[in-house]
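S.K.: Residue-level listing of the chains:
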Amino acid sequence: MNYIGGRDLKDYFKMNVQDIVADITTNYLTEELFLAKDFGQLPDRSQIIHIISELRQVMFPGYFSHEKLDCTLAPYFIGQKLAIIFESLSKQVELALLYNKAEAKENAKEEAERITVDFLKELPKIQKVLLTDIQAAFDGDPAAGSKELVIFSYPGLYAIFVYRMAHELYLRNVPFIPRIMTEHAHSKTGIDIHAGATIGKYFFIDHGTGIVIGETTIIGDNVNLYQGVTIGALSTRGGQSLAGVKRHPTIEDNVTIYSGASILGGDTVIGHDCVIGGNAFITSSVEPYSRVSIKNPDLYIKGKSQDL
Amino acid sequence: MNYIGGRDLKDYFKMNVQDIVADITTNYLTEELFLAKDFGQLPDRSQIIHIISELRQVMFPGYFSHEKLDCTLAPYFIGQKLAIIFESLSKQVELALLYNKAEAKENAKEEAERITVDFLKELPKIQKVLLTDIQAAFDGDPAAGSKELVIFSYPGLYAIFVYRMAHELYLRNVPFIPRIMTEHAHSKTGIDIHAGATIGKYFFIDHGTGIVIGETTIIGDNVNLYQGVTIGALSTRGGQSLAGVKRHPTIEDNVTIYSGASILGGDTVIGHDCVIGGNAFITSSVEPYSRVSIKNPDLYIKGKSQDL
Amino acid sequence: MNYIGGRDLKDYFKMNVQDIVADITTNYLTEELFLAKDFGQLPDRSQIIHIISELRQVMFPGYFSHEKLDCTLAPYFIGQKLAIIFESLSKQVELALLYNKAEAKENAKEEAERITVDFLKELPKIQKVLLTDIQAAFDGDPAAGSKELVIFSYPGLYAIFVYRMAHELYLRNVPFIPRIMTEHAHSKTGIDIHAGATIGKYFFIDHGTGIVIGETTIIGDNVNLYQGVTIGALSTRGGQSLAGVKRHPTIEDNVTIYSGASILGGDTVIGHDCVIGGNAFITSSVEPYSRVSIKNPDLYIKGKSQDL
Chain P
1 MNYIGGRDLK
11 DYFKMNVQDI
21 VADITTNYLT
31 EELFLAKDFG
41 QLPDRSQIIH
51 IISELRQVMF
61 PGYFSHEKLD
71 CTLAPYFIGQ
81 KLAIIFESLS
91 KQVELALLYN
101 KAEAKENAKE
111 EAERITVDFL
121 KELPKIQKVL
131 LTDIQAAFDG
141 DPAAGSKELV
151 IFSYPGLYAI
161 FVYRMAHELY
171 LRNVPFIPRI
181 MTEHAHSKTG
191 IDIHAGATIG
201 KYFFIDHGTG
211 IVIGETTIIG
221 DNVNLYQGVT
231 IGALSTRGGQ
241 SLAGVKRHPT
251 IEDNVTIYSG
261 ASILGGDTVI
271 GHDCVIGGNA
281 FITSSVEPYS
291 RVSIKNPDLY
301 IKGKSQDL
Chain E
1001 MNYIGGRDLK
1011 DYFKMNVQDI
1021 VADITTNYLT
1031 EELFLAKDFG
1041 QLPDRSQIIH
1051 IISELRQVMF
1061 PGYFSHEKLD
1071 CTLAPYFIGQ
1081 KLAIIFESLS
1091 KQVELALLYN
1101 KAEAKENAKE
1111 EAERITVDFL
1121 KELPKIQKVL
1131 LTDIQAAFDG
1141 DPAAGSKELV
1151 IFSYPGLYAI
1161 FVYRMAHELY
1171 LRNVPFIPRI
1181 MTEHAHSKTG
1191 IDIHAGATIG
1201 KYFFIDHGTG
1211 IVIGETTIIG
1221 DNVNLYQGVT
1231 IGALSTRGGQ
1241 SLAGVKRHPT
1251 IEDNVTIYSG
1261 ASILGGDTVI
1271 GHDCVIGGNA
1281 FITSSVEPYS
1291 RVSIKNPDLY
1301 IKGKSQDL
Chain U
2001 MNYIGGRDLK
2011 DYFKMNVQDI
2021 VADITTNYLT
2031 EELFLAKDFG
2041 QLPDRSQIIH
2051 IISELRQVMF
2061 PGYFSHEKLD
2071 CTLAPYFIGQ
2081 KLAIIFESLS
2091 KQVELALLYN
2101 KAEAKENAKE
2111 EAERITVDFL
2121 KELPKIQKVL
2131 LTDIQAAFDG
2141 DPAAGSKELV
2151 IFSYPGLYAI
2161 FVYRMAHELY
2171 LRNVPFIPRI
2181 MTEHAHSKTG
2191 IDIHAGATIG
2201 KYFFIDHGTG
2211 IVIGETTIIG
2221 DNVNLYQGVT
2231 IGALSTRGGQ
2241 SLAGVKRHPT
2251 IEDNVTIYSG
2261 ASILGGDTVI
2271 GHDCVIGGNA
2281 FITSSVEPYS
2291 RVSIKNPDLY
2301 IKGKSQDL
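Chains as they are written, first to last, in the working numbering: chain P, 1 to 308; chain E, 1001 to 1308; chain U, 2001 to 2308.
Among the clues, some could well be false.
Taking lysine-lysine pairs in the DSS-like style, the calculated list, with each CA pair at most 30 Å apart, reads [to be verified]:
#, chain 1, residue 1, chain 2, residue 2
1, P, 14, U, 2109
2, P, 14, U, 2246
3, U, 2128, P, 246
4, E, 1091, E, 1188
5, E, 1091, P, 302
6, U, 2188, P, 147
7, U, 2109, E, 1302
8, E, 1188, P, 201
By construction, these hints were calculated from the structure, which means they are not laboratory data.
Remember, it's a predicted structure, so these values are computed and weren't measured experimentally.
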């Protein structure tokens, strides 16, 4: 059998290709993960990224597209965008629901459409919350200059925007799509917020690269995070047996956590109005109004530098 | 009113869409941030990213495009590229100038063109500085292999290249665009260099993910930075009142800062020829020729591992 | 001479463009790095990224494209993909071989084709190893939910996949391309694995942003890494003289390294079955079965937070 058509390929390739094809085919056959897709089709990641882009245009018209809106035209713009998003997102949700259930799912289409509409109904509320996030960034960063710049170019706001969308789908038990959304933001910003986390208003992330916020994290209002902060689990070696268990911390209102700090553990509570200094490593609860910092001059300083 | 045209959408969506549209329209109306764009149009991020790509082709011809240049053809290639960049960049600068000023700006177009030409006049000088950055990367990384590989694939060099472009626009008080440029590099490399920072020659960043260099940082010549280094502010809770204040450190010539180190505060000066060890956390000045390292075996080591 | 054609550009630009062109041309002439390309053409990065995408479709059909495969169709699909990859990759390998050698290389095309076929012959084996990596992610992350989600959206798996491909080309001394591949993954995931590292089966990276694994690192089977882990060199100020020297650690089987830990030095061995706690900074070897953690409450905690 000639799998490679009439192409003019080198003999060495022709000599070997059939063996490679046979080995890969055998892999497909022996591991169902590869060919299990005949009971359904996976959601399309590029479609989901496109939906995020459409949602962003509805939330912040004129920033990421060229429409010139005024009060008269706005409803038509929004209505048309929502219709497009509804069609596209409900199809992806349907695929996700169908794929994840081996049993036949006759009503998947209806369920997907109901979930999508319920999601869209949250948009005006999310839009208001995003305004508080923008305000927090403007208040928190001396280099911001303007709120437009925050909307336009702050990776922290982008990650928060995507998280707030993905979280609504996570709450409605949509498989795959929330994670695809937040991993897209993770790739673009270096900020990894699990769609399952619960995060209040006036949330500000500065710089952001390396931030990790775990699935069962609870964060209150008016919290500031800097680059490299981990809000994570103490140990995940329990694996799938820990699914659903609260294994990430709770951060109360008005907390600032500076760069590189790690806060770990499902029972760890950072009380309201705390300030956690850079690189702090915290595995137990901290009282409200505390200020935590690593002991500062735990450093060796030698005159005349030598090789480290 | 039927905002959604004649599309065949599900009843549940039709029942709800008008309320969602009305709520989002109300949000637009109550928060001017959304619809304030009628006095101007924002710069176009995709255009700015394209300009970065064109600038890179002028700086490093043949590396990121397919032209075959020789000494005779080079002037035509450069001239044509500069003409394209001039047209495109002066338009974006004009948009940025117009958007940022509520007052009428009759001479915005002329100002934008003047700024753009002044920027282009810096290119030959920047190109020479970039050669020193390439040399520093080649000298500093045993895995480099060749300078071409540095140009071709080192994220650190890309972030430095974009910073050096953005810095020239920042110095000319162009709004929006410098930040859009550096955030683009941040997204691609994980390296967040504010366009306002002042950085000398022979600058080398290895790996780079997680690096943050704040707006008022001053860095001398021949400085090496590794991944996860923060050169930041001590506290930014003063918010917009701190705009313009020097709140980030000064790093003198010939300093190496290893991975994960944080250097904080506007009065902090790292003297020339210092070596700052990995994960050091420094909030006060260090004398020249010092070697700073965290106390090493501040570790608990137990035989037989248990759960952390 | 009018380099800029008949375009209607502003006078200020016309007055200055010839000087800028002359200066950049002079830069090209005085630094051969810019115009040394006449003895060869560099590999094309966008082609190499496309090859990665094609390879991923062969490894995980149906996840990143829309083919519906079954056992009958699979061989045709694989055969066609391999033919495309062979043509495209052997061309890029040839360019890389030619560029890197000043001496004439008559047999570059044959060598490139031989290397490419040898690379393709490894694919079935790599595919099996990737299955163990997927299993490790599913076992290690309580939030995984399904193995499909791991394949579909885990940045750690993507970085490992690209590394495993690039490593095979590195072993065959292909210049440029392994680094272009791993830097592409670095840009998308924040995970920087050098193609030269040696990494065993059941390798799991969670979150991953900021991870650096150096060129001469050796990692055993069943190792888990979290975000911000550096497996690096102690000092690279030896520069190119250190090329080829083992300067990165060895990590034995069944080791877990939590977020932000740094393990440095070519003689450092982390024994099998160790657990290295978050933010640990290790520059010497650790016995098997050890558990290493930083001293925990090295923190100042004050009631009532004040400015840091």
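S.K.: Run every hint past the structure and note whether it holds.
M.R.: Hint check results:
At roughly 16 Å between alpha-carbon atoms, residue 14 of chain P and residue 2109 of chain U fall within 30 Å of each other, so this suggested pair holds. The suggested pairing of residue 14 of chain P with residue 2246 of chain U is violated, with an alpha-carbon distance near 39 Å, which exceeds 30 Å. Our distance criterion of 30 Å between C-alpha atoms is broken by residue 2128 of chain U and residue 246 of chain P, whose separation comes to about 34 Å. With a CA separation close to 25 Å, the supplied pair residue 1091 of chain E and residue 1188 of chain E stays within the 30 Å bound.
At roughly 53 Å between alpha-carbon atoms, residue 1091 of chain E and residue 302 of chain P are farther apart than 30 Å, so this suggested pair is violated. The straight-line distance between the Cα atoms of residue 2188 of chain U and residue 147 of chain P is roughly 28 Å, inside the 30 Å bound, and the hint therefore holds. At roughly 56 Å between alpha-carbon atoms, residue 2109 of chain U and residue 1302 of chain E are farther apart than 30 Å, so this suggested pair is violated. Pair hint residue 1188 of chain E plus residue 201 of chain P holds up; C-alpha atoms about 28 Å apart against a cutoff of 30 Å.
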